[in-house]
Each structure stands twice: as structure tokens, then as C-alpha cells.
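As they're listed, the protein sequences go chains A and Z.
Going left to right, the first sequence walks through residues 177 to 597 as my numbering numbers them.
Going left to right, the second sequence walks through residues -4 to 286 as my numbering numbers them.
In short, the hints are calculated from the structure, not lab data.
The reader is advised that the hints may include incorrect statements.
Here are a few chain A residues that face chain Z, going by a calculated C-beta distance under 7 Å [to be verified]:
| # | residue |
| --- | --- |
| 1 | 403 |
| 2 | 430 |
| 3 | 474 |
| 4 | 477 |
Residues from chain Z that keep clear of chain A, each with C-beta distances beyond 10 Å, as calculated [to be verified]:
| # | residue |
| --- | --- |
| 5 | 33 |
| 6 | 67 |
| 7 | 83 |
| 8 | 101 |
| 9 | 146 |
| 10 | 176 |
From the three backbone atoms N, C-alpha and C, an ideal C-beta is built for every residue, glycine too.
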Amino acid sequence: MLKRRSFVRASLASGVIALAAASGSLLSFTAQAAQPIKIGFSMALTGGLAGAGKAALIAMELWRDDVNKKGGLLGRPVEFVYYDDATNPATVPGIYTKLLSVDKVDLVVSSYGTNEIAPAMPIVMRNKLVFPSLFGLAVNDEFHYDRYFQIMPAGPEPKLDWSRGFFELAAEQKPKPQTVAIVAADAEFPLAAAAGARKNAQAKGFKIVYDKTYPPSTTDYTPIVRAIQATNPDIVFVASYPPDSVGMVKAAHEVGLKAKMFGGGMVGLQFAAIQKNLGPLLDNIVNYDFWAPEPTLNFPGVNEFLKRYQEAAKGKGVDPLGHYLPPYAYAYLQVLEQSVDAVKSFDQAKLAAYMHRTTFKTVVGDVKFGKNGEWAKSRVLMVQFRDVQPDNLEQFAGPGKRIVVYPKEWKSGDVVYPYKK
Amino acid sequence: MWSVDLFANAIVAGLLLGGFYAAVSIGLAIAFGQLDIVNIAHPAFVIVGSYTAYIINRHFGLDPVLIGILFTPVFFLVGAAIYRVYYVAFERTGQESLSGLAFFFGLMFIIEVLLIMAYGVDYRLVSAGYIGRTINIGFVGIPFRMLVPFAVAAALTVGVYLYLSRTFTGRAILAVAQDRLALQLMGADPVKIKQFAFGLAIATTAIAGSLLIIIGPVEPSVGRQYIGRVFAIVVLGGMGSIPGMAIAALILGVVETLVGTFMGPSWSPAVSFGVLLLTLALRPSGLFGRK
């Protein structure tokens, strides 16, 4: 009898414990399901690159909202933890250390631009994290990190691929131009672009007659353009940041630059406010770009995305059209999203392996990464400005103003040569 | 590569550039050179001037220079108010050297952040009929984008110089720079004089800002590029001498363009600051400084 009573008590007790354990695990599961996934990053929200950084953030927030509407990543809502790096590379290591050790983020992505990406690399590498990055030029050339995935379509040899199109176009012209001037700002990206341009020019048999750099604080660019003009180059390759790009274009017009092809690596000519202000001065300039509203680049979802971006960007003092960076800022998170969905975990090794072997469908088209984390095949476009009207922003929203002249695969028209008749 | 026309163009471009530098530096020559106020936020006020020109130009289509001139009284009042705060918080208690520097450093950041919050971080530009046009005299090409700022800067420099040397208040400003106690003994209030002078210094940034945005695009933090340059010009000119400042600005402009044309533009800052060091080694008080 005693034994039977003990058995009943024991059974009851174990039942209660089992129930408690089950409900406990259920509780903890519910808590985990509600716990957001934190994605951490630094972003240039003030300082020189803030124009692009803020636009990127708008695109990233659109992605976050889209994912959360679909139920989040692996059923958990996505939350951003980000800090302003003030376009100051020195702040970046501290930000990523804080993101990982204090904020305990689950995933990290990069800030915008080479100078802000490179300082995060040692920390990200130490923690063996997958690192989707946004517009860094050849950052991984120094680090050789196998979990680095860069969304800018600069190609497997970023320094060379950046300007390859410009020199290939030039070499195709008849009679073939002979001499080239290369001018670049004294800053990391333009110097890397100029180094690539030098090699491309030599490979195509051009004679370099002017090869100089200038400090980014230069106020007046007419003396530089005059010095270039004095060497009488057939083509002029410029690697510059937005204020210098504007200065160079205005100076080329004021001095009456006689080169047959002008442009190449000028950052800023992709931004709507600068396009509007420069107006017809842009005509026939051949410059790199990553997207233009041309029929050959009508990727699924890109126009819908841009419409939403343009709505969100109103009144925020950022690029109102957002053709340059925002689609890619959305796409680098699409890559992360599709990878997490596919491997069904946040295991960094599995995510990296998946990213290496997959072709992703994004708003910027198909994205396939190569061994070094750059695009397996370059898609640096050369576009040529045509028939630009003065003081008209809307003209750049549609096709016909930035004709894709390189590469053949994405071409929407032929290059007009020479640049000035 | 050397040729007469390239040399002549470089000299002219350098003079035009130097004229613009003078417009940016003249306010600092008053504030730093004459009043001993280390206004590190001076270029930030120039950027406020640029944004003022941009906003009015965009909405009403007024000429940027005209906007700059029209807004000088507003900038004057802002400058006078800032000096009052500076005086009460630091100068009166004798803490102006380090705390005052921190005050203006902070002010610079506040101005930048306010501009970012209000107008975002996109590059801003203005439109005016003369931007993009060039006048050719012989083989020398003069872009109006540089000529207009030069002409306005020259008028501003001459105007400020005449004001300081010919009017009672102007002379009082020079006097407060030399001997504050002596001025007080003459019955003038040095604080009021300094307040007026600082207002005048900030008023010039309304015009300098409008000239900057005529030359090129502006965003809130672009003023930082000018901090070193404007202080160098004021020191080279001889701390508070308006003609000295103007000549120093022209020298720096010409050196910059000559080096940029014939040696390569990346050498320009090194050679410009080399000239500054050499001058100070030979004349420690600057070109027109009192010994």
C-alpha cells in the first residue's frame, strides 16, 4: 500500500516536473522567437560621405521593413544597431568593437566606402564574421578574407576593372587616340582608380603624357586643366570625388579642353543634384556608373524599389533619384537575407560557403561573388551623357540621358566621339 | 611644358584665387589678428553664408553675391551676440585662451550638425548667369566663376580697410587691438568695440560664403578644408593687418596655382606652407606685422 502510494506520488511529481519543463522550454522558445535579430554597422551620416551614407541608410531601412513584413529572418524581426562614423575611418574600429561586445549584434554589414570599410576588417576577421560590404574598392586585396562579399560590381580585379571600359572604348575609336592624361585626387579611392587606369592605358598602348594628383582641398581646378591641356592629350581620365568632379567639369568647359574623350572615374556625376547643376556641361562626358534608367538595365524590382526610395528620400536632403548607391545598399542586404533563408541559421561558416556558391537574384540583377568576394564578373558601366537640358532634374529620372556605351552586354547606344567637336 | 601663356594663365588664376582667399580670411584677420579671438569656427560661418545664398537663390533666384551683401546685417547681429556670450563666459574671467578655443570648436560642430539636420548632406550649388562663362584677353582665359569672387573680394577688402583706417569706430577697433587700457582711459568701452568688431568679422562671412558657393559645390563640413589656410593667411599677413592679409592671400593663391601648373597640384599645400614657414623665419611678425 505504502509502495503504491509512493508510486502515485512519484508519478504525479514527475508529471508536474515534465509539464513544468515543457512549459519552460515553450516559454523560452516564445521568448527567442520574439527576440529580434540585430544587424550592426557603422555609417557615414555626417562628414564628406554623408550624402551617400544617408541615402544608403534609407535603402537599408526599406529592406528591413520589407523583411519584417514577411515575418523577419528565420521568424525573428530584424533590428538595426548603427552608429555614425562621421566619415572618419578612426571611429570605425571602436564602433564595430562596441557592436560586437556591448550591443551583441548577430550579424554585421559594412559602412559605405573604401576608407570606412577597411578599418572594420581586422575586427570582423577576428570574430570570423561574414562581412557584406558596400562600395569598397579592392579592400580585400590587402586582407584576403574569405568571408568578405562586396556588392559594388567592380569585378574580380577592382582596380583594373574600374577603368577597363574607358580605355577599351578609347582604343576602339578610329583613328585610335595615342596619348592620355591621368589626374586623380590624393585620396584612397581615386589613387587606386588611377593606378588601375595607368595599367589599362599601358596595356592598350597609350602614351601617358600627364600623370598627377591633387589635394582634395583644391578650390580652383582651372590651373590643373590648363596644365593638362598643355600636354595635348587625346583622352583625359579623371579619378575624383564629388566637389572635385564638379570643379573639373566646370574648369574643362571654361578652359575649352580639347581632349577627344573626358571622364572615366568621376564620383559625383551619378548624383542628381550635381547632374542638374552641371546640365549641358556634362554632354558627351564618358564616365563610370553602376546603374542608369536605360532599358537594358531594367532588372526585376529595381524600378519599384527606386519609386519607394524616392518617396522616402523626400525632404531628407539626400540624392532625390538614388540611382547610384541605394539599389546596391538594398541588394547587399538581400544577399544576406537570401543566404540566411537558405542555410536556415546564422552559422557564419555556412553563410559564407553559401554566398560563395550562389547566384543571388537582387534589385541590381544577378549577383555572383568570386573567390576574393568581389563580383565574379565586372559590371562597371561606362555611360555617356547626351542632350542634357539646363536646370532640369526630371530628365535624369528616365532613359536617354545616360547612355550605356560599355560593356556590350548592357549597351544601350554607341559612344559619341570625339567628346568636343 | 613651360610656356608664356601657361605661366600668364597661372599667375592670373592665382591672383583670382588669392582674392577669394582674402574674402574668406578678412573676418579672421579682424577676429584673430586684431581681437585675439581664436575663432576656429570662422569657416563654418562662411558655410552658413553659402547655405544662405543657396536657399535664397533657389527660392527667389536672386544673385548669390547680392544675397551675401543683403545678409551682412543679420550675420553682424549674430556675430555680436556670439561675442557677448564669449565675453561673459570666458573673456571676462580670463579663460579665453583654452576654453574660448573649445567654445569655437564646439560652435563649429554645432553649426555643421544644424546645417545637416536642416538641409541634409547633399552637395548644394547655385545658379547665376555668369557661372560657366569665360572672358578671353589675349591668351589669358578668365572664368567669371573666379572673376566675380575676386572683384567682390577686392571691394570688400578695400572697404574694410578704409573703414578701419578712416572712421572713428574703425580706429577704435585698431586701438583695442593695440592697447585696451589706453582705449578705456579715452572713455571708450573696449567690450562694446570688440563686440562691434566681431560682428563685423562675422558679417564678412555672409559675402565670403556666397563667393564660395559660386566657385563650387558646398556641403556642411566643407569649411574644415579652409581652417588651416585662413589661419596661415592671417599669420603670414601679419596678424591683423588688412593689406598684409590681402597680399598674403594673393601670394598663397599664386604659389598654389604656379606649383599646381608646373610641379603638380599635390605639391601646392607643401609649398604654400613652406612659404609661410620661410616668411615667419625671416619675419616672425609676418609680412606687415608690427615688430
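Taking the hints in turn, this is what the structure says about them:
{"no.": "1", "hint": "403", "verdict": "5 Å, holds"}
{"no.": "2", "hint": "430", "verdict": "4 Å, holds"}
{"no.": "3", "hint": "474", "verdict": "26 Å, violated"}
{"no.": "4", "hint": "477", "verdict": "25 Å, violated"}
{"no.": "5", "hint": "33", "verdict": "21 Å, holds"}
{"no.": "6", "hint": "67", "verdict": "22 Å, holds"}
{"no.": "7", "hint": "83", "verdict": "30 Å, holds"}
{"no.": "8", "hint": "101", "verdict": "15 Å, holds"}
{"no.": "9", "hint": "146", "verdict": "15 Å, holds"}
{"no.": "10", "hint": "176", "verdict": "41 Å, holds"}
Consistency with the previously given hints fails for numbers 3 and 4, ordered from lowest to highest.
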